[in-house]
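Taken in sequence, the protein lines are chains A and B.
Numbering-wise, the numbering used here puts 207 at position 207 of the first sequence, and it's gapless, one number per residue.
Numbering-wise, the numbering used here puts 275 at position 275 of the second sequence, and it's gapless, one number per residue.
Just to be clear, a hint being listed does not mean it is correct.
Below are the EDC-like pairs computed for lysine to aspartate or glutamate, each with C-alpha atoms no more than 20 Å apart in a straight line [as the list claims (entries may be wrong)]:
#, chain 1, residue 1, chain 2, residue 2
1, A, Lys265, B, Asp33
2, A, Lys171, B, Asp33
3, B, Lys213, B, Glu159
Simulated from the structure, these hints should not be mistaken for lab results.
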Amino acid sequence: MGREPFFRRKSSISYKTEEKTVVRGYDLSELAEKGYTFCDALFILFQGRIPTEAEEKMLEYEMAEFLEHSMSPSAASAIAVISGRPMLPAAVAAGVMTFGSAHGPGAAHGYMMNKYLERALKEGKSIDEIARICVDEYLDAGRPIMGFGQPQHTDGDPRAEPTHIKQEELKVDGVYLKFQRALEKHFYARREREGRKYVAVNMIGAGNTVLADLGFSPNAAWCIGTLTRGYSCAAHALYTMKKGRAWAASKNEPMVQMLDLSMIKYVGPEDRPVPTQEERQEYAKKQLEEGEYKKWVI
Amino acid sequence: MGDMKKRKLPGNLYDPRLRFDYENREHGTVPTDTTREPFKWVSAVAYKNVHRIVARGYDTTELVEAGYGFADMIFVDFQARIPLIEESQMLNYILILSLEDGLSSPAAISRIVAKSNVYLTQSAGASILAFGHAYGAFSAFGNMLNKYLIMVEKGKKDESQAIDEMIEENREKEYFGISDLMLKDPAAKRIFERAKKLGVARKYIPFMEKVVKRAKEVIPNPVDLDMLGGIGAAMMDLGFTPEATWAIIAVTRSYGAGAHWLEEVERESFLKYGETLTPKEDYDGPEERPVPSLEERSKIAKPFKAETLEEWMRKREELKKLYGSGHSIVEEIEDPRKLKEKK
């Protein structure tokens with residue numbers, strides 16, 4: 001097929017000729033030649049604009065601090081996948097794809113903020129008032145508010161508050177940080193009133209607020225967050241690939257391995273005899289009628 | 001850790017608003033928690049020891065030695081039971097139909113990935129990713145079917161009301177299971193016929209048949225049961241949950257995608273990084289513009305930061321005009337006001 005496009009469709013993101021690659025009107029090579037950074041390019045890609053220096057610095061800060069988070073579900077996935085020794089990208093992809101509604105739910109936090117800020121505008125409420133309403137509505141329904149709580153940093157994510165402060169220092173604190181700060185104030189106050197333990201803001205609450213105030217849409221922000229973590233997933237996978245044992249079950253290692261047989265705790269049906277083919281139909285009918293199997297169906 | 005000298009911390013790390021003392025944070029990893037049971041991989045699906053692999057209580061070697069097959073094993077793993085012979089036959093029928101679907105998304109993505117010279121497994125994995133809530137939407141279809149059947153079973157609606165409601169609310173959805181895709185191909189309808197012949201059409205197939213009959217009456221354009229509806233209802237009558245169906249069919253399809261990887265590698269060439277061109281005539285983004293020098297940057301760069309809600313909304317509206325920014329996508333999140341209190 002040579003240089004023909006695989007699919008043809010209109011795009012306002014980029015075009016590529018034999019001479020150059022142009023993204024949102026800017027020649028990529030020229031951007032690099034003139035000293036712009038990868039973070040600058042992300043603003044151009046997702047927002048079609050060159051950011052201010054402060055915005056670029058804030059994104060550098062956010063991405064650099066978000067890149068590595070040691071043992072989290074995404075890194076665990078990458079490590080587990082590479083134990084089978086596929087090509088490295090399979091492990092990296094598995095790490096990135098682990099992000100969902102519990103691990104780094106960046107887009108959902110963004111949509112929550114947009115929804116309540118839009119309501120504030122429509123209902124003539126202040127940001128502080130709508131934040132209190134948001135806290136009350138979620139907690140009254142017994143639902144967690146996105147952006148709070150992290151199962152490992154039980155005293156608060158060490159990156160979160162410094163991120164808020166950096167945003168203020170660089171003066172890139174817009175309506176989203178005002179809302180997030182108000183959310184935290186009302187959330188902590190209500191939990192204290194109810195005698196419940198302190199649950200701190202997490203990196204979704206802090207980092208995603210930054211990305212929103214920098215103009216990234218909820219999904220663009222999620223894309224930046226999860227793919228930034230992809231680098232450290234790759235590092236964990238690569239370390240395991242180069243220094244660790246394939247299969248992760250060797251008995252020759254000094255430490256018990258991740259897939260050592262002793263790691264299994266089985267809670268399924270008791271061991272049972274396999275019916276012969278002659279017994280099968282009666283056996284299967286009885287099993288179907290008794291329905292005990294239903295408690296195991298997934 | 002003993003030689004760690006105290007140094008002044010950088011940046012904002014003495015700010016009084018910080019939640020804890022950053023200067024005196026502990027070093028090192030957290031000691032092993034001996035007060036709780038040590039880590040285990042907990043599973044109700046299977047275990048193994050040195051000499052035995054047991055799925056849902058059945059020794060898998062004994063299963064195959066006793067003549068049980070691949071489809072039987074799928075029942076054991078997902079439903080913890082030995083299937084009737086007819087159920088096993090029906091699952092085999094469905095698996096065969098699910099193997100290939102021409103150059104649809106799973107095969108196309110498999111071939112695109114193959115062009116990078118990757119392992120076959122990467123292409124097959126990519127093909128599984130192509131199953132969503134439009135293409136191969138077995139989870140969405142099954143949950144939709146359950147919703148209306150449960151209404152009937154709990155007596156909240158009579159059957160004809162539930163069917164009308166299902167059609168009204170879902171007829172435009174890709175996961176409806178009824179469409180104009182199979183008007184000339186009898187394969188979907190044959191699934192139901194086979195299930196009835198084997199005696200495994202239980203509640204989903206009869207219900208779906210009534211939905212199809214009614215849909216043909218109320219939808220002006222010609223429609224009929226499609227493969228999603230046929231396979232989805234039959235799998236659920238075999239006892240598979242919507243999610244199990246989704247996963248089983250996606251993996252089954254990936255075998256076909258593997259064949260597409262093979263053919264792509266055998267017949268076509270690999271692609272080099274930067275080789276594929278994107279014609280300028282297909283580009284409709286901002287006009288070409290000079291890249292400003294870094295000295296000019298402060299004059300032209302306008303921050304997104306908004307001080308007021310009105311300014312914020314104006315800036316977002318402006319960005320909505322830019323395809324690829326994501327600002328015009330709105331994903332629904334739960335409205336806590338409409339949720340029952342969870343205790």
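Structure-based check of all given hints:
no., hint, verdict
1, A:Lys265 <-> B:Asp33, "18 Å, holds"
2, A:Lys171 <-> B:Asp33, "43 Å, violated"
3, B:Lys213 <-> B:Glu159, "13 Å, holds"
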